[in-house]
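Chains as they are written, first to last, in this note's numbering: chain A, 20 to 347; chain B, 4 to 216.
All the pointers check out, no bait thrown in.
With a straight-line Cα cutoff of 25 Å, these simulated SDA-like cross-link-like pairs (lysine to any residue) come out: (1) B:38 with A:130; (2) B:62 with A:300; (3) B:159 with A:129; (4) A:170 with B:23; (5) A:238 with B:195; (6) B:62 with A:307; (7) B:159 with A:130; (8) B:38 with A:142; (9) A:170 with B:111; (10) B:38 with A:313; (11) B:37 with A:134.
Worth flagging that the hints you see were computed from the coordinates, not collected in a lab.
Below are the chains, spelled out letter by letter.
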Amino acid sequence: MTIVEDNANIENDIGQGDFYDTEVLKFDRAVYDEERIKKKEEIERCLQNNPYDDGLIDKLRQFAKSAGGLIDDEIRKRAWPLLLALRPEDVDTSDDTTDYKSHVEYSQVVLDVNRAIRRFPPGIPYAQRVAMQDQLIRLILRVITKYPQLKYYQGYHDVAITFLLVVGENTSFHMLEKLSTHHLKHFMEATLEKTSELLEYVYVLLDYLHPELCAYISKVDVGTMFCLPWYLTWYSHTLAQYEHVVRLYDYFLASNPFIPLYLIPAIILHRQDRIFATECELSALHQELSQLPEDLPFDQLLQQADEFLIKYPPENIQKEAHIRRLNK
Amino acid sequence: MSAPPYSYSYIFKYIIIGDMGVGKSCLLHQFTEKKFMSDCPHTIGVEFGTRIIDVCGQKIKLQIWDTAGQERFRAVTRSYYRGAAGALMVYDTTRRTTYNHLSSWLTDTRNLTNPSTVIFLIGNKSDLKDQRDVAYEEAKQFADENGLMFVEASAKTGDNVEEAFVETAKKIFQCIQDGRLDLNATESGVQHKPSQPGRQTLTDQSPKPSCSC
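Extracted from the complex, chain A is given alone in its bound form (with noise of 0.2 Å):
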């Protein structure tokens, strides 16, 4: 495991560093096959293209979606930004030097910043790791100054940490500030009522793919709960392995918005054996459904949730989410 190879560097690598220029956060050098270096080659060409050209961004996402998305964390800090649309240039590079201090949310960001001390990679110098939690609480407040509509959840940090670690800070706010706008803008209402009926979502699909796992689950009514911190973090509070969460990443940010979501229904059904075996009790399947194992075939996955898009698009089955929320 490596974490910056040059520590000398840290101090100027924190804080201002963005886009081309920071070395990229390893947890585990990544094992390269043939195939790998081959797509890797192949993506980096393709980076040396006009990144005003349309068609890239239409590439990157074939990538990004394709076995193994984006490969490492070099590609990524170059192609995440692209498949929001953002080009070096949109990245204010000055240093934010604002006093969020004051702001309502300040010290819950803090609380839970100092928690989530296991997201970073292992070994990390402690100097280190404490300039990032700064950067991470900085970054956050900034978003959420910036647009007091969007309200702070346990669980963004978990979002914006994954970002600070692969494209550094500057970059990282810009990304936030599209997916809080966008994506995420659900997560940061209010209340967690829109979420929740997002959620029933996946009861909906459930019924269409597979209606006896589905009323084996909700016979004993386990709700939504334990795919929540999934749906909030775009899975990172619970994967171990961050080689699965940027992955992930790469498939959503090359995604649908809904794309996380449907790939809650794609887990359950993969797991049904598990499931079914299961006692239909309320905390057994809560238990197991809760389960996110690390070897999950998430290509294959991620490419059915997209299927099942196709499928049953949203507006199709959103009535009938709302309604069964308004039978509970």
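With chain A fixed as given, assemble chain B onto it according to the hints.
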């Protein structure tokens, strides 16, 4: 034939509630794993833990629902209060605001649980003596006035953690024996499972009225 080690006669449902960052998940982890999780992440929604304990010679399975502390999750965690036999209400002895919010947590608990639900107040982080922000006597008085059981505990050292969970179970068991808790009532938070682990239906069999604790 002796009963398998995982057999138990009762299931008690608990909830753990309180402000964010008071150490709810750490208390649960200390109780179920006997370990302190120093980098315990925040809870989103609810998490679940379980442990079988021995109370008055009876094996009791504690089913413990650990809830998220952030205000915005309260609407979705409230449904888990229903049918809790025990509620562990936690504050942080080093942060007065978490203590000041107790009456709101207590109101929720009283409104959403049964009159027989045992509420145990835990002042966590008692190991951080020089950072104390709430006096023991003050919290004790609050507990007495509201009829709550109370200890100061430390999820870090394990001090009083076992006691809080077990004393709650003893009190619930006492209530069953006194007949104050009706096992047949739905949402009593207690299930009686005479030597049949894994059974899910409630039985109408009365518990043996013999407890010497």
